[in-house]
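Protein chains in written order, with numbering that gives the first Met the number 0: chain A, 0 to 161; chain B, 0 to 161.
Check each hint, because a few of them may be wrong.
Just so you know, same-sequence chains aren't split out, so a pair can sit in one copy or run between any two.
Said to hold, decoys possible - Think about it this way: if two alpha-carbon atoms lie no more than 20 Å apart in a straight line, the pair counts; the simulated SDA-like pairs of lysine to any residue are:
{"id": "1", "residue 1": "151", "residue 2": "106"}
{"id": "2", "residue 1": "1", "residue 2": "26"}
{"id": "3", "residue 1": "151", "residue 2": "161"}
{"id": "4", "residue 1": "151", "residue 2": "141"}
{"id": "5", "residue 1": "151", "residue 2": "98"}
Everything labelled a hint here was simulated from the structure, so no lab data went into it.
This structure is a prediction, so every number in the text was calculated from the model and none was measured.
Protein chains: 2
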Amino acid sequence: MKLSEGVEWGAHCAVLLSVLPSGAALPAGRLAEYHEAPVAYLAKHLQALSRAGILEAVPGPHGGYRLARPATGITLLEIVEAIDGARPPFRCTDLRSRGPAGVPASQFRTMCGIHRAMVEADELWREHLRTVTVADLAVGAASGSSPEAVEKFVNWFQEVLP
Amino acid sequence: MKLSEGVEWGAHCAVLLSVLPSGAALPAGRLAEYHEAPVAYLAKHLQALSRAGILEAVPGPHGGYRLARPATGITLLEIVEAIDGARPPFRCTDLRSRGPAGVPASQFRTMCGIHRAMVEADELWREHLRTVTVADLAVGAASGSSPEAVEKFVNWFQEVLP
Numbered sequence: 000m001k002l003s004e005g006v007e008w009g010a011h012c013a014v015l016l017s018v019l020p021s022g023a024a025l026p027a028g029r030l031a032e033y034h035e036a037p038v039a040y041l042a043k044h045l046q047a048l049s050r051a052g053i054l055e056a057v058p059g060p061h062g063g064y065r066l067a068r069p070a071t072g073i074t075l076l077e078i079v080e081a082i083d084g085a086r087p088p089f090r091c092t093d094l095r096s097r098g099p100a101g102v103p104a105s106q107f108r109t110m111c112g113i114h115r116a117m118v119e120a121d122e123l124w125r126e127h128l129r130t131v132t133v134a135d136l137a138v139g140a141a142s143g144s145s146p147e148a149v150e151k152f153v154n155w156f157q158e159v160l161p
Numbered sequence: 000m001k002l003s004e005g006v007e008w009g010a011h012c013a014v015l016l017s018v019l020p021s022g023a024a025l026p027a028g029r030l031a032e033y034h035e036a037p038v039a040y041l042a043k044h045l046q047a048l049s050r051a052g053i054l055e056a057v058p059g060p061h062g063g064y065r066l067a068r069p070a071t072g073i074t075l076l077e078i079v080e081a082i083d084g085a086r087p088p089f090r091c092t093d094l095r096s097r098g099p100a101g102v103p104a105s106q107f108r109t110m111c112g113i114h115r116a117m118v119e120a121d122e123l124w125r126e127h128l129r130t131v132t133v134a135d136l137a138v139g140a141a142s143g144s145s146p147e148a149v150e151k152f153v154n155w156f157q158e159v160l161p
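Here chain A stands alone, though its shape is the one from the complex (with noise of 0.2 Å):
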């Protein structure tokens, strides 16, 4: 089991563009030289942001990609879904309906504790990573960085917009 790598780099792209002044946008080419990330491989991700209502493409001279809502109503889940789609991660095929003891699942009283174990499962982790906004991942960024980390991030920063 694992997450689409896009996840990962969706996610910085986001907490990144959270600290942009208002009304500037960062080019594709910018998010991907700022996280090393190949440019067409990070312009998949930052489209399916942008249809799923979080990011917000920018035209022009100066354009780019910018966050579409406020970082306190982002979610970290909205951008696994976005990216790595909703669907949990067990898929139950109704082994109870198969075989020479197999009836109809309509037989059945309650649904398969398996599947809904794995349901009940999936739903935590769904909630925790509801929990969690880019303007909380902005902020912890920023108190969990060195005075160089900082620094460098400024320069890059001031060097980049417009």
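Following the hints, position chain B against chain A.
Then chain B, alone, in the frame of chain A:
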């Protein structure tokens, strides 16, 4: 993100084996027949469950697989991890150390917030599956079955056990 299909087969096999009479075992072929699973495919997962100390292979003409331990002590999580592995679905590639603003991981005071949230969500997922035992699943399967399902099950058992 998707769990191996073998998790579903493995969990159902463990539940079936938990209701065998003491000392009895079922060969891979019978387990495959019961679940309408391809036997070569299922055999691979049964071997993984044996290596993990969940099942035990009994040699001889009436041999086959049986639970290696009481069903009350085998959790759904153990079955998941035996078949799908125990690696969390999110793989942090340490993006904070890359690119024009990257600094060595040692310079960060805290774990990356994205990684931390993913680890916490994964722990909740695993904790839940750790609370569900094969015995719980067997009791649930019996109480959720219709009289017809129970009858077909008992008939099959009488046919296949020596």
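Quick one: residue 1 to residue 26, C-alpha cut-off 20 Å, is that within a copy, between copies, both, or neither?
For residue 1 and residue 26, neither the intra-copy (28 Å) nor the inter-copy (32 Å) Cα distance is at most 20 Å.
If the cutoff is 20 Å on CA atoms, where do residue 151 and residue 141 land: within, between, both or neither? Let me know, please.
within (12 Å within a copy, 62 Å between copies)
Treating 20 Å as the Cα threshold, decide for residue 151 and residue 161: within, between, both or neither.
within (18 Å within a copy, 73 Å between copies)
With identical chains, the pair residue 151 and residue 98 could be close in the same copy or across copies; at 20 Å between alpha carbons, which is it: within, between, both, or neither?
between (63 Å within a copy, 10 Å between copies)
Quick one: residue 151 to residue 106, C-alpha cut-off 20 Å, is that within a copy, between copies, both, or neither?
between (64 Å within a copy, 13 Å between copies)
The structure fails hint 2 only (numbered hints given earlier).
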